[in-house]
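Engineer: Got chain A sorted already, so can you dock chain B onto it with the hints?
From first to last, the protein sequence lines are chains A and B.
Numbering that gives the first Met the number 0 numbers the first residue of the first sequence as 0 and each following residue consecutively.
Numbering that gives the first Met the number 0 numbers the first residue of the second sequence as 0 and each following residue consecutively.
No wet-lab data here; the hints were simulated from the structure.
Every residue, glycine too, gets a C-beta built ideally from N, C-alpha and C.
Hints are not guaranteed to be accurate.
Calculated cross-link-like contacts (lysine-lysine; reagent style BS3-like; alpha-carbon spacing at most 27 Å) [claimed, not checked]:
1) B:K63 to B:K19
2) A:K710 to B:K19
3) B:K91 to A:K636
4) A:K619 to B:K7
5) B:K63 to A:K619
6) A:K618 to B:K91
Label-pair distances were calculated between CB atoms; the ranges are [stated by the list, open to error]:
7) A:L256 to B:E83: 32 to 40 Å
8) B:T65 to A:V698: 36 to 44 Å
9) A:V687 to B:L70: 53 to 61 Å
10) B:L70 to A:A686: 31 to 39 Å
11) A:C67 to B:D82: 47 to 55 Å
12) A:I218 to B:D166: 50 to 58 Å
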Amino acid sequence: MFFNLAWRNAKRSRSENLIYFLTLVTAVASFYIVLSLGKQDVIRFLGEIESDAVNRLLTTLMPAVYLCSLFFLFFLVVFANKYQLECRSRELGLYLIFGMKKKRLFLQLMAEGLITSLLALCGGIICGVFLSEVISLTTARLVGQAVIAHQPSFSLSAVVWTILGFLLIQAVALFVLGGRLFQREIHQLLYGEMAKKQNAGNARGGFLTLVLGAAVLAIAYWIVLKHFMVAGGAMLIVAVILGIAGTLLFIRGLARLLSLLASSVKSKATHGLYTFTLRQLQENIVHKFVSVGVASILMMLTIMLITDGAVSIMSSSSLLTRDASVYDFTVTGEDQAVEQYLASEQMKPYVADINRMETGKMKRAAGDDILGSFVDWTKLREQIVRQLPPDVKDPATQGALNYDISASNPAALNFLAVIDTDNIAPNLLPVSTYNRLLEAAGEKTLELEANEAAFYLNPDFLGSAGADAIAIMMDHVLADAQTENKALIFIEGRPLYLVPSIPMKGLTADKNVRIFSALIVSDEMFDQYVNPDTHTVYWNFCIPKELVETEGLMRSIMDANNLLKPSGFVYESYLNNFGRQLFYVVSASYASLYMGFMFLIIACALLALQFLTQMQATKKRYLTLSMLGARREQMRKSIHSQVLWYFLLPLLPACVSGTVGLYFMQVLLHSPTATIGQAYPSMIVMAVIVILALAVYAVAVARTADREISKLNWKPNS
Amino acid sequence: MNNTNTEKLLEVRDLHKSYKKEGVPTKALNGITFDVLPGEFMGIMGASGSGKTTLLNCIATIIKPTSGQILLSGTNISAFGGDELAEYRGNKIGYLFQDFALLDNLTGRENILLPLSIHNVDVSVAEAKLADIAGFLGITNVLAQFPSQMSGGEKQRVAAARCLISDPTIILADEPTGALDTKAARLLMEKLQEINQKRSRTILMVTHNPSAASFCSRILLIQDGIIFHELRRRIPTEARNDFYERILQVMAQIGGGSANVL
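Next comes chain A alone, as it looks inside the complex (with noise of 0.2 Å):
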């Protein structure tokens, strides 16, 4: 008997609150994505790559996240279930009317929730094993299909963490509201809570609080932009603490505003029920506008979250793309140990298009030459400064130290600022040290006579400032400057042609052979002019072909590795440095993304489920709506725009934080421009998703509502 009844209500909770059950699948489904992220693909294949840090970050951050979420999805089911116990209040006070003793109606109510929580799991499990494959798919892809292997992303620690977690935080939710709800009496139980006082305030209040929300929203901003590290970063926490309460006071304001629409638009006074819905919106947000507000700082950080995870995929796919990346290894160690090690017959299978590279800095003149200097720069510098913008000055001439390297900046001052850098000795590359790694990559060698040499720019290093808009400005004026025969830089006062046009590839697999320039010079003038000093020979290989397209690049790169360890040489893979940006592109992203779209979820419930618990406490002014001659369609059009502007104002003080928090971030983190308009087609997909997530809660809570008044006792027959 307890437990038909138990089934009987649980099955009736879920037909009638879909919202509610939907809800606990999204709580569960969250849970599992987050507790299961080991055990996807990119996770997988960066654990194999960066073993610590991964451990790390398995271990410490993951954790944190799963707290976090436990916290606000806490937060999540006690709205759900409180909203459900709203609903069922004239019930539960018949039971005690009944007889019922509250013990075993507490025990019907845990037995329900027990009853809608395992069902609730199996749907959010299987939704959760279904989205972490969809998302394990799609970032392998993003990162390389040929690169990752994909293997199956269930994982049944998750499982059972998800559903430990799951039932603790339903369990606490229960017990808090049953308890709260029990200390009723049982009248308020059967009839509701005593009507509410209309306190809509004076208009001039209303529009004060607003004024002054507004005006306390702007210091935040004002403080965020300008102030933001004053007092070691104090200002921020003030900054965050007046973007909540202006946050609030808006709202707030925003709400008694809409009380003085609805009184004094006197033409509209009797249009429809333009008054009616502009009351039930202000009396929505009037008795909630701490709970709107919430929701509305928790867009604010979903649009910053999203934004940002979207932007850190983006502004990485450079580093994960091998367009300008040849070689596969790097070696350093004794030059003929090396040699030896790299031709012996167990390595042999791994390498091809062997290539010793020599490099070094110019010696550093010993007489009166410039800044002690073999190499003047002056007419290319003139030539440079030329392709300069009218409204541009050289920092030179402005007294300016050095130079910066920004994406925002033109391609000629950014050539200024690369030439700058290594002026006095640049790097030296020799030609047929260049030409092999142009083999490699199946380009065309170069050719350079005695007095002629090549401007190298490393497009591993300069793609965010673009390296494309220098190369093309480089090659226009040295294209120019070989139609006139005229050399740009001069080596001991002796002319040297620079030939445009060569093809710039990454010099070593290890990016940390930082090499942003280089004048590629014959092999004589380099065993001439480099620094013995700083002369030095990477080792660069590449993993045959053949034994890719077989054994696939990570199995090869990992079995290559294995080979080299014992080799006691310094050594770095292209998966190394591959995995490493990955590593943190990845766990930035997806922690963005996914605390981005749960707060979504949390703010589209916590919404959906306020104005369905205000649907319910008021549903008996459809009826008299009904009596005095209101059409269904008329009230239907009348609870839309309800939920439209219920949804929509706290969205719009959000875009407006939302877009100085990015602007913050953008300065904080240094991110270019140019980076934030590459993330252009993921943040519109990202604010589709935003929007699509925020239209398809505010169609259900429409539709509950539509289905609530339709149950309402006002037509023949029902």
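Structural biologist: Relative to chain A, chain B alone:
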């Protein structure tokens, strides 16, 4: 008010209403027939469960009768649905609820204008009507207040103003004094009488209170879903107190009623 117009405004013909409670049929109305003439102030009295509220709800289209006909100005309202129903509820009837049914998030003014808003009546026409009715019912001072700031009597007069503003053909009142104290109830009944006599509105009122009923010109007494007695006030010769005494006598015969004097 003496009625000289014999054309029937409301005709109720052999009205039946049955409910099924856990499979057992229960007859709330068992063949009720009566007419209401234009300008009448008719009361329907009966003990609890006699079927009086069911009858009013059938006329108000809140519930649908099992069989029988209800005709307003010759039109069968039982067949109404959708827009016709909305038109009927909005323009033909005014419903005065026992619990006022004011929307507590709207001001008095907004509550009264609501029926006109629903039908998109021009705002200047609506404002003129509002000023007239509010003045007549003495509620001008509470128009800007919310229901929670009003007394019970003020709420019911605001509700009455909301009834009147759409110029309904008939006002249906369900125990309008049920939630009021004696003084407020008397004031309301006097206003309803004025509405009936000075503004020529037809009123059909359900009450179990003989004092409230004594303001009516005709009373139907219902028991077990049928009309078992009809009382007519000899207007203008019969004073309200005499009519009240007669109501009490009839109620004493059937063993019910209350002796509240308004």
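Engineer: Hint by hint, note whether the structure agrees.
Structural biologist: Here is what the structure says about each hint:
no. : hint                         : in the structure
1   : B:K63 to B:K19               : 14 Å, holds
2   : A:K710 to B:K19              : 19 Å, holds
3   : B:K91 to A:K636              : 24 Å, holds
4   : A:K619 to B:K7               : 34 Å, violated
5   : B:K63 to A:K619              : 20 Å, holds
6   : A:K618 to B:K91              : 24 Å, holds
7   : A:L256 to B:E83: 32 to 40 Å  : 39 Å, holds
8   : B:T65 to A:V698: 36 to 44 Å  : 39 Å, holds
9   : A:V687 to B:L70: 53 to 61 Å  : 57 Å, holds
10  : B:L70 to A:A686: 31 to 39 Å  : 59 Å, violated
11  : A:C67 to B:D82: 47 to 55 Å   : 54 Å, holds
12  : A:I218 to B:D166: 50 to 58 Å : 55 Å, holds
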